[in-house]
Amino acid sequence: MDNVFDRLYEHYHTNLFQFIFYMVKNRAVAEELVQEVYIKVLRSYQNYEERSNEKTWLLAIARNVAIDYLRTHNRRTSRWLSKFDFNKQQTEDNAPLPDEILVQKEEVQRVYTCLRGCTLDQQQVLILRYIQELSVNETAEILNWSISKVKTTQHRAIKALRELVDDQTNSQLKGVL
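Residue 58 in full-length UniProt numbering is what sits at position 58 of the sequence shown, and the numbering runs on without skipping anything.
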């Protein structure tokens with residue numbers, strides 16, 4: 001049997017490997033599958049009927065091994081892919097571009113500068129609510145205020161901050177024009 005294996009390996013190994021590699025498109029997988037083909041060939045060589053030549057017989061076994069691999073691999077892949085709803089997911093990159101980041105940084109810097117123009121109470125509420133992202137209840141608890149005082153101060157702080165940002169923007173535009 002060693003002579004048979006050596007002869008088959010010497011004559012057909014390259015053909016088997018190339019055939020399987022073209023089917024699975026992965027060198028490591030192709031090498032494993034070729035080994036599986038040889039195992040099947042060695043187990044069934046005594047049943048080989050010379051109705052076809054050895055190369056055809058070997059490639060038929062290789063084809064079946066590759067198809068079995070692709071079926072199980074595709075089943076696993078499709079099970080894995082079925083967990084995703086590609087109609088809902090977007091594959092676009094939503095990360096900002098460098099110039100957008102620069103504009104955002106400038107806007108954030110402007111807001112922080114204008115924040116200094118608000119009262120201390122307004123600054124505390126804006127920082128806790130929008131920078132620290134705390135709830136109204138958490139903000140009230142931290143400041144030891146009532147919920148209504150936090151809401152009122154927040155409303156006034158947003159209005160004051162908006163006016164300060166608008167004033168700064170208008171003064172910058174006047175300087176440019």
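Because the hints were derived from the structure by calculation, they are not lab data.
Careful: at least some of the hints might be erroneous.
[Claimed, not checked] Each computed EDC-like pair below joins lysine to aspartate or glutamate, with the alpha-carbon atoms no more than 20 Å apart:
(1) Lys149 x Asp167
(2) Lys105 x Asp121
(3) Lys55 x Glu36
(4) Lys25 x Asp6
(5) Lys151 x Asp167
(6) Lys40 x Glu10
(7) Lys151 x Glu138
(8) Lys149 x Asp121
(9) Lys55 x Glu10
(10) Lys151 x Glu107
(11) Lys151 x Asp121
(12) Lys105 x Glu141
(13) Lys151 x Glu133
(14) Lys105 x Asp6
(15) Lys40 x Asp68
(16) Lys159 x Glu107
(17) Lys105 x Asp166
(18) Lys55 x Asp121
(19) Lys25 x Glu36
[What the hints assert, rightly or not] DEER-style ranges, computed between Cβ atoms:
(20) Ile142 x Asn74: 53 to 63 Å
(21) Gly117 x Lys151: 15 to 25 Å
(22) Arg110 x Ser148: 22 to 32 Å
(23) Asp68 x Ser135: 16 to 26 Å
(24) Ser44 x Thr72: 57 to 67 Å
(25) Val108 x Glu32: 53 to 63 Å
(26) Gln132 x Leu70: 52 to 62 Å
(27) Lys25 x Lys105: 37 to 47 Å
(28) Glu10 x Asn47: 46 to 56 Å
(29) Asp167 x Leu120: 15 to 25 Å
(30) Arg71 x Ser44: 46 to 56 Å
(31) Leu120 x Thr169: 18 to 28 Å
(32) Ser135 x Leu70: 17 to 27 Å
Just so you know, even glycine gets a beta-carbon here, dropped at the ideal spot from N, CA and C.
Hint-by-hint comparison with the structure:
Note on Lys149 and Asp167: the hinted pairing is violated, with a Cα-Cα distance of about 27 Å set against a maximum of 20 Å. Proposed proximity of Lys105 and Asp121 is contradicted: the alpha carbons are some 25 Å apart, above 20 Å. Between Lys55 and Glu36 the alpha-carbon distance is near 16 Å, which keeps this suggested pair within the 20 Å criterion. Distance hint between Lys25 and Asp6 is unfulfilled; the C-alpha atoms sit about 26 Å from each other, more than 20 Å.
Note on Lys151 and Asp167: the hinted pairing is violated, with a Cα-Cα distance of about 24 Å set against a maximum of 20 Å. Using a Cα cut-off of 20 Å, the hinted pair Lys40 and Glu10 holds, with the two alpha carbons roughly 17 Å apart. Of the pairs offered as hints, the one joining Lys151 and Glu138 holds, with about 12 Å between alpha carbons and a cut-off of 20 Å not exceeded. For the hint linking Lys149 to Asp121, the alpha-carbon distance of about 10 Å falls within 20 Å, and the restraint holds.
Proposed proximity of Lys55 and Glu10 is supported: the alpha carbons are some 12 Å apart, at most 20 Å. Proposed proximity of Lys151 and Glu107 is contradicted: the alpha carbons are some 25 Å apart, above 20 Å. Restraint check for Lys151 and Asp121: the C-alpha separation of about 12 Å stays at or below 20 Å, so the hint holds. Distance restraint check for Lys105 and Glu141: the Cα-Cα separation of roughly 31 Å exceeds the 20 Å cut-off, and the hinted pair is therefore not satisfied.
Restraint check for Lys151 and Glu133: the C-alpha separation of about 14 Å stays at or below 20 Å, so the hint holds. Distance restraint check for Lys105 and Asp6: the Cα-Cα separation of roughly 70 Å exceeds the 20 Å cut-off, and the hinted pair is therefore not satisfied. For the proposed pair Lys40 and Asp68, the alpha carbon gap of about 13 Å is at most 20 Å, so the pair holds. Between Lys159 and Glu107 the alpha-carbon distance is near 17 Å, which keeps this suggested pair within the 20 Å criterion.
Simply put, Lys105 and Asp166 have alpha-carbon atoms about 17 Å apart, close enough for the 20 Å limit, and the pair holds. Under the criterion of a C-alpha separation no larger than 20 Å, the hint pairing Lys55 with Asp121 is inconsistent with the structure, at around 86 Å. Under the criterion of a C-alpha separation no larger than 20 Å, the hint pairing Lys25 with Glu36 is consistent with the structure, at around 17 Å. Distance hint check: the CB atoms of Ile142 and Asn74 are about 56 Å apart, consistent with the given range 53 to 63 Å.
Against the hinted window of 15 to 25 Å, the Cβ-Cβ separation of Gly117 and Lys151 comes to about 21 Å, which satisfies the hint. For the pair Arg110 and Ser148, the supplied restraint of 22 to 32 Å holds, since their beta-carbon distance comes to about 30 Å. Between Asp68 and Ser135 the C-beta distance comes to about 57 Å, which lies outside the given range of 16 to 26 Å. Separated by about 21 Å at the C-beta atoms, Ser44 and Thr72 break the suggested range of 57 to 67 Å.
Roughly 54 Å separates the CB atoms of Val108 and Glu32, a value that falls within the hinted 53 to 63 Å. A hinted range of 52 to 62 Å holds for the C-beta pair Gln132 and Leu70, which are about 53 Å apart. Distance hint for Lys25 and Lys105: a CB-CB separation of about 45 Å, consistent with the stated range 37 to 47 Å. For Glu10 and Asn47, the Cβ-Cβ distance of about 22 Å falls outside the hinted range of 46 to 56 Å, so the restraint is violated.
Here the CB-CB span from Asp167 to Leu120 is close to 20 Å, well matched to the stated 15 to 25 Å. Taking the beta carbon of each, Arg71 and Ser44 are about 21 Å apart, not inside 46 to 56 Å as hinted. Here the CB-CB span from Leu120 to Thr169 is close to 24 Å, well matched to the stated 18 to 28 Å. Distance hint check: the CB atoms of Ser135 and Leu70 are about 53 Å apart, inconsistent with the given range 17 to 27 Å.
Checked against the numbered hints above, the structure violates hints 1, 2, 4, 5, 10, 12, 14, 18, 23, 24, 28, 30 and 32; every other hint is satisfied.
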